[in-house]
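Got two chains here, separate frames each, mind docking them using the hints?
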Amino acid sequence: MAQQIIFYVLAVVIVVFSILSVTSRRILRAATYLLFVLLATAGLYMLMEYQFLFGVQISVYAGGIMVLYIFSILLTSHAGDKAKQVSWKRLLPAFMAALAGVLVCLHIVYHSVSKLVASLQVFKEPTMQDIGTALMGTGKGQYLLPFESISVLLLACIIGGIMIARKR
Amino acid sequence: MNNMPLIAYLIVSSIMFFAGVYGFLSRRNMLTILMSLELMLNAADINFAAFNRFLYPGQLDGVFFTLFAIGVSAAETAVAIAIIINIYRNLKNIYVDEVNKMKF
Numbered sequence: 001m002a003q004q005i006i007f008y009v010l011a012v013v014i015v016v017f018s019i020l021s022v023t024s025r026r027i028l029r030a031a032t033y034l035l036f037v038l039l040a041t042a043g044l045y046m047l048m049e050y051q052f053l054f055g056v057q058i059s060v061y062a063g064g065i066m067v068l069y070i071f072s073i074l075l076t077s078h079a080g081d082k083a084k085q086v087s088w089k090r091l092l093p094a095f096m097a098a099l100a101g102v103l104v105c106l107h108i109v110y111h112s113v114s115k116l117v118a119s120l121q122v123f124k125e126p127t128m129q130d131i132g133t134a135l136m137g138t139g140k141g142q143y144l145l146p147f148e149s150i151s152v153l154l155l156a157c158i159i160g161g162i163m164i165a166r167k168r
Numbered sequence: 001m002n003n004m005p006l007i008a009y010l011i012v013s014s015i016m017f018f019a020g021v022y023g024f025l026s027r028r029n030m031l032t033i034l035m036s037l038e039l040m041l042n043a044a045d046i047n048f049a050a051f052n053r054f055l056y057p058g059q060l061d062g063v064f065f066t067l068f069a070i071g072v073s074a075a076e077t078a079v080a081i082a083i084i085i086n087i088y089r090n091l092k093n094i095y096v097d098e099v100n101k102m103k104f
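The listed protein sequences derive, respectively, from chains A and B. Positions 1 to 168 (this note's numbering) are the ones given, in order, by the first sequence. Positions 1 to 104 (this note's numbering) are the ones given, in order, by the second sequence.
Excised from the complex, chain B in its bound form (with noise of 0.2 Å):
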């Protein structure tokens, strides 16, 4: 049975991961911030199903982490979209670096 080892899964998700840093660090809207997240945590969800499967393949604590993960991620973003929407609505606005009426 010729299957990819385990370090091919955890390459894999270091790059996707670094991906969404460079996304969350250098993007300005502030959907796209949330969308590099949103990379980050799938690359870290990969490699807890990775572990799991390679590591300890008689046990599910892997699996039942990622759908954890999933849920808390799809409620985050949810939350976040609506604050999101309530700043468009109210300045007009979603750049981070214009968004700065707070700043003292």
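Same shape as in the complex, but just chain A (with noise of 0.2 Å):
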């Protein structure tokens, strides 16, 4: 009972706060906006007992993530700006494709999905020694080779955003 109402609250920060993030004329509270959703996407992967997603997605989506485009908002323009105005003409055909997609995607899922066995079963949480044995090792079901060209992509993307962005 208490997970459902969690989960209620928590869907309709997700719903209502996207839609206003892509909505808002103003960047910052887009972005505020975004914040909210971030969270709540944190908290969702609470609901489904991962809490390493859950302190993932905090620590990384919403404190790091959120703070640079803060900090790249504020560079590039006044706090208070307001985006231009758009014609709702040019707006039709983005809501019109997002709104078929949305139509599409929720007709497959209620067909195909609600026949599958669709309730939370009693599970065996991950530990940190479960994920970290599975991060650091070599056989089936374990991650060490994306861990590692994953830091090979994080060295890449240091250097390359030092680069493209330094002082000349």
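No wet-lab data here; the hints were simulated from the structure. Everything numeric in this text was worked out from a predicted model, so none of it was measured. Ideal placement from N, C-alpha and C gives every residue a C-beta, glycine not left out. Each hint should be verified, as a subset may be incorrect.
A short, non-exhaustive set of chain A residues, derived as facing chain B with CB atoms under 7 Å [unchecked claim]:
(1) Phe7
(2) Ala30
(3) Val109
(4) Pro126
(5) Tyr143
This is the structure in structure tokens:
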């Protein structure tokens, strides 16, 4: 019962604030609404009993990426700026595309997923030992190679970011 | 145990994804386009975690895919913002319909 109420609160927060974030004309407000969406997503991970994903989502997304966005917004525009008003004739194709997409997606989900076993089973929560062993192992279902590849990727992105954005 | 079924998580992530699609197609500021991209990526991450939790609760594949997707998205956001700041420094403008010096 409590889980249902929490889920409904988080779902309403996600839906309302994601729509507000893409339609708001002030950029800093869009960034704040996006921050709320990311925090509510972390709450959804916690409801699914993935505590590690909850921590990673908050520290990386809400705490790292959103700070980066707010810095870059303040670097490239005034804080109170309003975006230019786009005429609704230009917004209409985008809105029709998004609406068609969501209707197709919900139709497919409703017809395919309802038949599956669809309730949470009691499961053994992944402990840090499980996650650490799986991240560092080379067997089946273990992720050492993607781990090393993503460290190479992060190195490339750090070097690339510094090279692109340095002062000449 | 009254828990939400799988379809509830998928509905939420579908709406979030297509809100991101609408934002991506209709926005003019490069940073807001990137923010809509973040919405799309987060919706896909919710899908991964939900399918892992409901259909394969003994395995961790969806969790790890989500972790790596979050990491890749962070790296991509950093590089994209570096490019946007460079564009702003040179052209003083980050609206996609006004940055057209390279059009032939």
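Status of each hint after checking the structure:
no., hint, result
1, Phe7, "holds, 5 Å"
2, Ala30, "holds, 6 Å"
3, Val109, "holds, 5 Å"
4, Pro126, "holds, 6 Å"
5, Tyr143, "holds, 5 Å"
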